[in-house]
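Start from chain B and add chain P according to the hints.
Number of protein chains: 2
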Amino acid sequence: MRKIRLGVIGVGNMGRTHCKNIKEGKCPEIELVAIADNNAMRIQAMKDDGYENVTYFADAEEMMDSGLCDSVLVAVPHYDHAKYAIMAMEKGLHVMVEKPAGVYTKQVREMNAVAEKSDVVFGMMFNQRTNHVYRKAKELVSSGKYGNIRRVNWLITNWYRPQIYYDSGDWRATWSGEGGGVLLNQCPHQLDLLQWICGMPVKMHAFMQFGKWHDIEVEDDVTAYMEFENGATGCFITTTGDGLGTNRLEIQMDSAKLIVEKESISLWEFEVSEPEFSKTNKQPFGTIPTKQVEVETDGINERHSGVMNAFAGAILRGEALVAGGEEGINGLMISNAMHLSAWTNSTVTLPIDEELYYEELMKRVRASKRKTTVVNVVADTDGTY
Amino acid sequence: MRKIRLGVIGVGNMGRTHCKNIKEGKCPEIELVAIADNNAMRIQAMKDDGYENVTYFADAEEMMDSGLCDSVLVAVPHYDHAKYAIMAMEKGLHVMVEKPAGVYTKQVREMNAVAEKSDVVFGMMFNQRTNHVYRKAKELVSSGKYGNIRRVNWLITNWYRPQIYYDSGDWRATWSGEGGGVLLNQCPHQLDLLQWICGMPVKMHAFMQFGKWHDIEVEDDVTAYMEFENGATGCFITTTGDGLGTNRLEIQMDSAKLIVEKESISLWEFEVSEPEFSKTNKQPFGTIPTKQVEVETDGINERHSGVMNAFAGAILRGEALVAGGEEGINGLMISNAMHLSAWTNSTVTLPIDEELYYEELMKRVRASKRKTTVVNVVADTDGTY
Chain B
4 MRKIRLGVIG VGNMGRTHCK NIKEGKCPEI ELVAIADNNA MRIQAMKDDG YENVTYFADA
64 EEMMDSGLCD SVLVAVPHYD HAKYAIMAME KGLHVMVEKP AGVYTKQVRE MNAVAEKSDV
124 VFGMMFNQRT NHVYRKAKEL VSSGKYGNIR RVNWLITNWY RPQIYYDSGD WRATWSGEGG
184 GVLLNQCPHQ LDLLQWICGM PVKMHAFMQF GKWHDIEVED DVTAYMEFEN GATGCFITTT
244 GDGLGTNRLE IQMDSAKLIV EKESISLWEF EVSEPEFSKT NKQPFGTIPT KQVEVETDGI
304 NERHSGVMNA FAGAILRGEA LVAGGEEGIN GLMISNAMHL SAWTNSTVTL PIDEELYYEE
364 LMKRVRASKR KTTVVNVVAD TDGTY
Chain P
4 MRKIRLGVIG VGNMGRTHCK NIKEGKCPEI ELVAIADNNA MRIQAMKDDG YENVTYFADA
64 EEMMDSGLCD SVLVAVPHYD HAKYAIMAME KGLHVMVEKP AGVYTKQVRE MNAVAEKSDV
124 VFGMMFNQRT NHVYRKAKEL VSSGKYGNIR RVNWLITNWY RPQIYYDSGD WRATWSGEGG
184 GVLLNQCPHQ LDLLQWICGM PVKMHAFMQF GKWHDIEVED DVTAYMEFEN GATGCFITTT
244 GDGLGTNRLE IQMDSAKLIV EKESISLWEF EVSEPEFSKT NKQPFGTIPT KQVEVETDGI
304 NERHSGVMNA FAGAILRGEA LVAGGEEGIN GLMISNAMHL SAWTNSTVTL PIDEELYYEE
364 LMKRVRASKR KTTVVNVVAD TDGTY
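Residue numbers (our numbering), protein chains in the order written: chain B, 4 to 388; chain P, 4 to 388.
It is possible that part of the hints are untrue.
It does not matter which identical chain is used: a pair holds within one copy or between any two.
BS3-like, lysine-lysine: derived pairs with alpha carbons at most 27 Å apart [to be verified]:
1. Lys282 <-> Lys372
2. Lys215 <-> Lys282
3. Lys265 <-> Lys139
4. Lys372 <-> Lys285
5. Lys215 <-> Lys285
6. Lys215 <-> Lys294
7. Lys265 <-> Lys294
8. Lys285 <-> Lys23
9. Lys215 <-> Lys141
10. Lys94 <-> Lys109
11. Lys148 <-> Lys215
12. Lys6 <-> Lys120
The set of hints was computed from the structure by calculation and includes no laboratory data.
Same shape as in the complex, but just chain B (with noise of 0.2 Å):
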């Protein structure tokens, strides 16, 4: 069998997490050949996992130089994505990219620019599309069946983080090493999730919280308000702060209703569409007949194997992949809008003002203190995305 040649860039939880998964045999067409990594007690780390067969490097270009590697993933903090994904792309080198694409959609538009030169296959970690619930919702929007989108609601409360997680890393929840709290480091999926079931809002309002709940300088609380093209509108709410969160995605139509919750899919189709109802019916206190139907799913969430494993078939095969790279910038533009924003305390039109939304990051940055306090524990990811 033709395996892709990886080079993992970055074994900090996510990167560990991948490595793990092709070393578990999750991932017959891929073969980890080399892991870069500027922190040598990481590499350490790796070492004393017995990953054999691998190269190891200091620096990640020479990595890529290196000849060992024909794809790299990148999964180092966010504010380097695109300059490790550029620099791979014009080495000729196949990159996947670690989520978000990255903090601030000017540096991801540049990603974007060189890709497209660039023959390489170029893919975003969105694991969260390979999960059936979201597929089918994907479908059933899209299908066309149910007219027009309304209003959709997601209650994304459940990224419950302690404490300590704030205080694992000195780059943790801070403008210089994250570029943003809850929005940048759990959201991504659904944001990306948000635009691709849903289409990109053109309008947005948030109303954000900065450290809130942890003592930390960014956002751990946000309720975003947004509308659509069509009129539809929107509200998305998440926080790392509440004990026992939610998950629900709720998304209203022209002839139905849906409901993402736990897992599980839930539709209600209406025998007119409201629309039409609302013409010709002629009782004031008159209701749309509807009814629940049955939603089957194939079951299947391949989830971060799942991409790596499309990866390598479209590097192999031409095969698609579950999110091509350029589409990062979609979620992204959706965080950066919420932050502008809440920055600037008013309505915000999409596509943003790109530099104005640098410029504010940027203050933030320059003020930006590093913790000193950092507690040296392993993370456990079981559970996370």
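Below, chain P alone, put in the same frame as chain B:
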């Protein structure tokens, strides 16, 4: 048995419903002695319905002066609630006022001032407060057992109304006739319950669409963000346009999560409060041990007749009302704050600038156009509040 002698002012949809309840024996301590309505057709409809031993008046003041009643129920269009309530109080009659308390808080403040100087019983028709699930929710939240409220999310979009509903009265959904849309007509109950259970918000930013789903002047779609004094945030979303809406209230507290949906209440208790857990836990991805606990309620929901019976009990024996009349201003203050925020496209603080609200409302009232095509239909209010 001693009974109160009630006169009903206004026998539109709601007035008729109250009369029917009394006729059906649901209010054993209330005698319906008089009905006032300036519309002869509505008076005739009541006579046709066989209300006996009832004296009819075309003028409410004449009814009040007749000496027949010791108490009145005000069920006229919203703008006139305060006027008739004040008139009755000044004549020493006990008053029950249909929701909303009025259209603008300035007016309701006058009503409350008169009430304070008088010694009549003054109640507000917040019949949703009799619902066992909301009573239980208030009890749980107020107990203090679960610490502070942190987040409130009420998706109350099951107020569907087709166009003919709005076409059934020339006053409906006009600034001059109702002074608002879904917030003034459908939501007063939820806005009252919100403040009853969670307390008053101190800050509000609302996004509203006017005549979005219907051919009407006023709002039929609202998304409102709010903040409470302790920093808790909330979101209130409502519409009369969703074909199949939702009524789901979620409250996140320091050590519990509570959901009221479909007449049932779900509660999860945390073993440790979130602030305590965050401080003491040593695992970066640690989660708080929680368990769902059975919530027992008495299952009782006495609705309108429950409110009326409590009113009679208050008059006859000094018993507690379901909702004191002076509390009506709270939900209306929230509603007015939402309108003012949307009209001025700005965040408003509560209590609002009542003069500014009044000016902005009057601008719209002056430009308001009563509908010229009204469909003559008899509404079946079964299933409405």
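Cross-check of the supplied hints:
For the identical chains of this complex, lysine 282 and lysine 372 are inter-copy neighbours only, at 21 Å across copies versus 59 Å inside a copy, given an alpha-carbon limit of 27 Å. Taking identical chains as interchangeable, the C-alpha atoms of lysine 215 and lysine 282 lie at most 27 Å apart only when they sit on different chains, with a minimum of 14 Å there against 47 Å within one chain. With identical chains, the CA atoms of lysine 265 and lysine 139 are at most 27 Å apart both within one copy (14 Å) and between copies (26 Å). Taking CA atoms no more than 27 Å apart as the test, lysine 372 paired with lysine 285 passes between copies only; the shortest distance there is 23 Å, against 64 Å inside one copy.
Taking identical chains as interchangeable, the C-alpha atoms of lysine 215 and lysine 285 lie at most 27 Å apart only when they sit on different chains, with a minimum of 20 Å there against 51 Å within one chain. Taking CA atoms no more than 27 Å apart as the test, lysine 215 paired with lysine 294 passes between copies only; the shortest distance there is 25 Å, against 42 Å inside one copy. For the homomeric pair lysine 265 and lysine 294, the shortest alpha-carbon distances inside one copy (21 Å) and between copies (16 Å) are both at most 27 Å. Taking the shortest Cα distances, lysine 285 and lysine 23 sit within 27 Å of each other only across copies (24 Å), while inside one copy they are farther apart (63 Å).
When the C-alpha separation of lysine 215 and lysine 141 is checked against a cutoff of 27 Å, the pair qualifies only between copies, where the shortest distance is 26 Å, while the shortest distance within a copy is 34 Å. Within a single copy, lysine 94 and lysine 109 get their C-alpha atoms as close as 22 Å, which meets the 27 Å cut-off; across copies the closest is 70 Å, which misses it. Within a single copy, lysine 148 and lysine 215 get their C-alpha atoms only as close as 43 Å, which misses the 27 Å cut-off; across copies the closest is 22 Å, which meets it. In this assembly of identical chains, the alpha carbons of lysine 6 and lysine 120 lie at most 27 Å apart only when taken from the same copy (25 Å versus 87 Å across copies).
Every hint from the earlier list agrees with this structure, and none is contradicted.
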